[in-house]
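Asker: Listed below are the residues making up each chain.
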Amino acid sequence: MENDFSRVVDALPGLVWTALPDGHVDFVNQRWSDYTGGAEWLDGVHPDDLPGFLERWRFILASGNAGEMEARLRRFDGPYRWFLFRTNPVSDATGTIVKWCGIAIDIDGRRQAEDAIRAREDRFRSIVDEIPALITLMTPTGDLEFVNRQVVDYFGAPLEQLQGWPTGDTFHPDDRAGVRAAWRRSVETGQAFDFEGRRRRADGAHRWFQVRGFPLRDAAGRILVWYLLHTDIDDRKRTEALLAGEKRLLEMVAGGEPMPAILEALCRLVESTTTGCYCSVVLVDRSGARLEHGAAPSLPASFITSIIGRPVDARSGPCAMAAYSNEQIVAPDLQSETRWAESAWCPMAMAHGLRSCWSTPIASRAGKVLGAFAIYYDQPGPPRALHQNVVERFKHIASIAIERMQNDAALKRSEAFLAETRRITSTGGFTKRVATGEILWSDEVYRIFDFDPAAPLTLERIKSRVHPEDLLSFQDMLDRQHRGSDYEHDYRLQMPDGSVKYLHVVAHASRDQDGELVYIAAVQDVTQRRLSEEALAKTRSELARVARVSSLGALTASIAHEVNQPLSGIITNASTCLRMLAANPPNVDGARETARRTIRDGNRASDVIARLRALFSKQDAAAEPVDLNDAARKVIALSLSEIQRSRAILRQDLAESLPPVTGDRVQLQQVILNLLLNGLEAMGGIEDRPRNLVIRTEQEGEDRVRLTVQDSGTGFDPHSADRLFEAFYTTKTGGMGIGLSVSRSIIESHQGRLWASPNDGPGAAFSFSIPQRARDARSAGGLGAVWTSAVKDTQYVLRNP
Amino acid sequence: MVKPSLVSVVDDDESVRESLPDLLQELGFAARAFASPEEFLASDCINETRCLILDVAMPGMSGPDLQRELALRRQDIPIVFITAHGDGAVRPQLLEAGAVECLFKPFSDTALLGALNSALRVH
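Chains as they are written, first to last, in our numbering: chain A, 237 to 1037; chain B, 128 to 250.
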């Protein structure tokens, strides 16, 4: 029987042992011995497992109930294998435990599988914990099952406290309703979940997250678990918001919004990125010397007013310094800042709750500093990276807005200036499309024509204003427009009140985008100028007349001398002739000779009169070829006795083959005469040196001729050289001081110039130079108007002495 | 026959130099004409000349210059000035300086004869 039992025990599929009630092992079966190689019961247990194993064994013994333990047991050949130790008490009839029976079953295969699973789970866990994203697992009914470490770190709360999600308050209040509805829909339909919302961080700040959820299904399609991935998209969201803001700002710039509105929106945009941050833009004023207000939507007025008007320098504060130095100025802590102590800027800023500040200059494309962009924080600290990026970008927008505003202002000023100029100069503009005859007038043209701008503008209406005498040339001008060349035209208007307006038109021909001929023209009311010119011409002719009378006066003695000389000869010869005829016998031959001389002297007197007439009487100012040598000789001939009387020595230094000039001979001779008489007068008081007078002609350059009258007289003060030519300026007691001014007018009307230069030695030289031939026929004719009337006046004087 | 008194004429005007000597001869004088004071001074007629008809304004030496020069040389020749500048201002000065007469051109033969007679009578 015992052998049978023993065989049975050995046949059991396990290692069997029995123990006394105190736990002492009193039997192991053959399998145990075979497995352990005959080791004592506890000797085979793995040393790591032994303490737990013993504790458990003692606990079971004390409890008196069946129990289990797991431990590794060493096989006879070395390796340990996991075993499940099961034990049951054996009681006698009284219930007293008399023995413990146990069996150890090899569970090593199962145990290893379990370890592998656990290791895998641990690895998964650590991976999930390390993924830089918030990951949660949700039950199919939508309750929280698992969160990774990032979730715990972000919310600062363990899984248990997060159970309320998603109905809880971890979302921004504005996003809660949305996320709840979306999650409910996903749980109900099993469709993937996708939601963007702000979630509150442990420190209370909200950050944007994108939450995406995917259901995991079993083979039957039932949802086992929801995987939820929360991605922090806050930086992206901010960037998007800034980009949207930047786009909005650029739209404002492009849309021509006023600069203050743009700068204000810019400040608000930057402020919206961070709490406790304030922005301002200050501008450099037109003088470049002072700050003026740009925008500061969130800063108190008292702060702004204490900055505006400060000088742009390194002492007046961070913005003034940034604008002054064209460099970013950073003040991380105003408490310890010392740079602007002189202007007490820091205490002022701190009184407004500001603790740090940094200011960035805003420069134009050309590099000129337009202003400064400042960011203030209510905490000390350096500029934040986000703001640095923002400012880098936005200062360009600010620069564009400011520069545009300044350009607009300059344009407006320029337009206002132009409008004012047009008004002052009575200049209007018009355009005319030649093909259609369509005419557009500016307001000033309507004013000039005295037309009602409301009434339709027709060519007939315009012609009705044109002075009847100018209608032909006006029509000619209209005809000329079809040729498409630029033109200038003068015509008169006959106004309803009988007055006459003089207009000057300058028209430029151009082609529009369709290639149509379009005239752009300026119309100037030159009535005032014309009237002034007439008044001036009258004055000048008066002056010229006076000058002429004056030179006549100076020449009276000379003329008398010139006439008296031949007269004297005539009378003497005539007396001789009479006496010769009265002699007895009459001396006929002598009488004939003296009579011949009488005739010759008569001719000589006649020549003098002819020269006088040539000098002083002329019908019209003319543009004729004039030989300056010849003109000079004629003047000299008439002035010889004057030269003699002045006891001057005249030297003629006339260039050979001098080309003729184009001009009015009489006028040019008057100038020469005037210079000659001036030279003689200048030497009037000279006794200690020869009174030398030189008249010189010469070629000047390639196309001008110069005449110089040089004296050795008193000269002139170089400081008053210009005044010599002013009317009524004279250094002579007897002179009126108009000769040189009139002479200069004459020379200038010949496109020439007249000047004075001191000699190296005593005296002065007066020269004029004029072109060989007038440059164009028109200007040559132009010297007519004034001088014709002057000559006529002179004629009048000569005829009515 | 009494040798006619020599009257010298100094004038830069050629027609005077041509016409005046003929008239002087008609009036009974011997006459010589000179174009300038310098020419007269260089001539051998100074001592012979009983009367000098002298133009006032001439290039180079003027009539009054010659008058002064002759005074310096103690040549006491009576002088009749003639001038074409009829302003009269110069006449008293010339007379003051010792001239016999100052005639304004044109002058009549009577006026000339009167002046010459005064000049010759004085001496």
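For the record, the hints were derived by calculation from the structure and aren't laboratory data.
There could be a bad hint or two in this list.
[To be verified] Label-pair ranges, simulated between beta-carbon atoms:
| id | chain 1 | residue 1 | chain 2 | residue 2 | range |
| --- | --- | --- | --- | --- | --- |
| 1 | B | E175 | A | P926 | 43 to 49 Å |
| 2 | A | E892 | B | C172 | 55 to 61 Å |
| 3 | A | E892 | B | I173 | 42 to 48 Å |
[Unchecked claim] A short list of chain B residues far from chain A (calculated; beta carbon distances all over 12 Å):
| id | residue |
| --- | --- |
| 4 | D171 |
| 5 | N174 |
| 6 | R195 |
| 7 | E196 |
| 8 | Q202 |
| 9 | P219 |
| 10 | L247 |
Where a beta carbon is used, it is the ideal one built from N, C-alpha and C, also for glycine.
Asker: Against each hint, give a clear statement of whether it holds in the structure.
Answerer: Status of the hints after comparison with the structure:
| no. | hint | in the structure |
| --- | --- | --- |
| 1 | B/E175 - A/P926: 43 to 49 Å | 34 Å, violated |
| 2 | A/E892 - B/C172: 55 to 61 Å | 42 Å, violated |
| 3 | A/E892 - B/I173: 42 to 48 Å | 43 Å, holds |
| 4 | D171 | 26 Å, holds |
| 5 | N174 | 27 Å, holds |
| 6 | R195 | 15 Å, holds |
| 7 | E196 | 16 Å, holds |
| 8 | Q202 | 23 Å, holds |
| 9 | P219 | 18 Å, holds |
| 10 | L247 | 19 Å, holds |
Comparing the model with each numbered hint stated earlier shows that hints 1, 2 do not hold.
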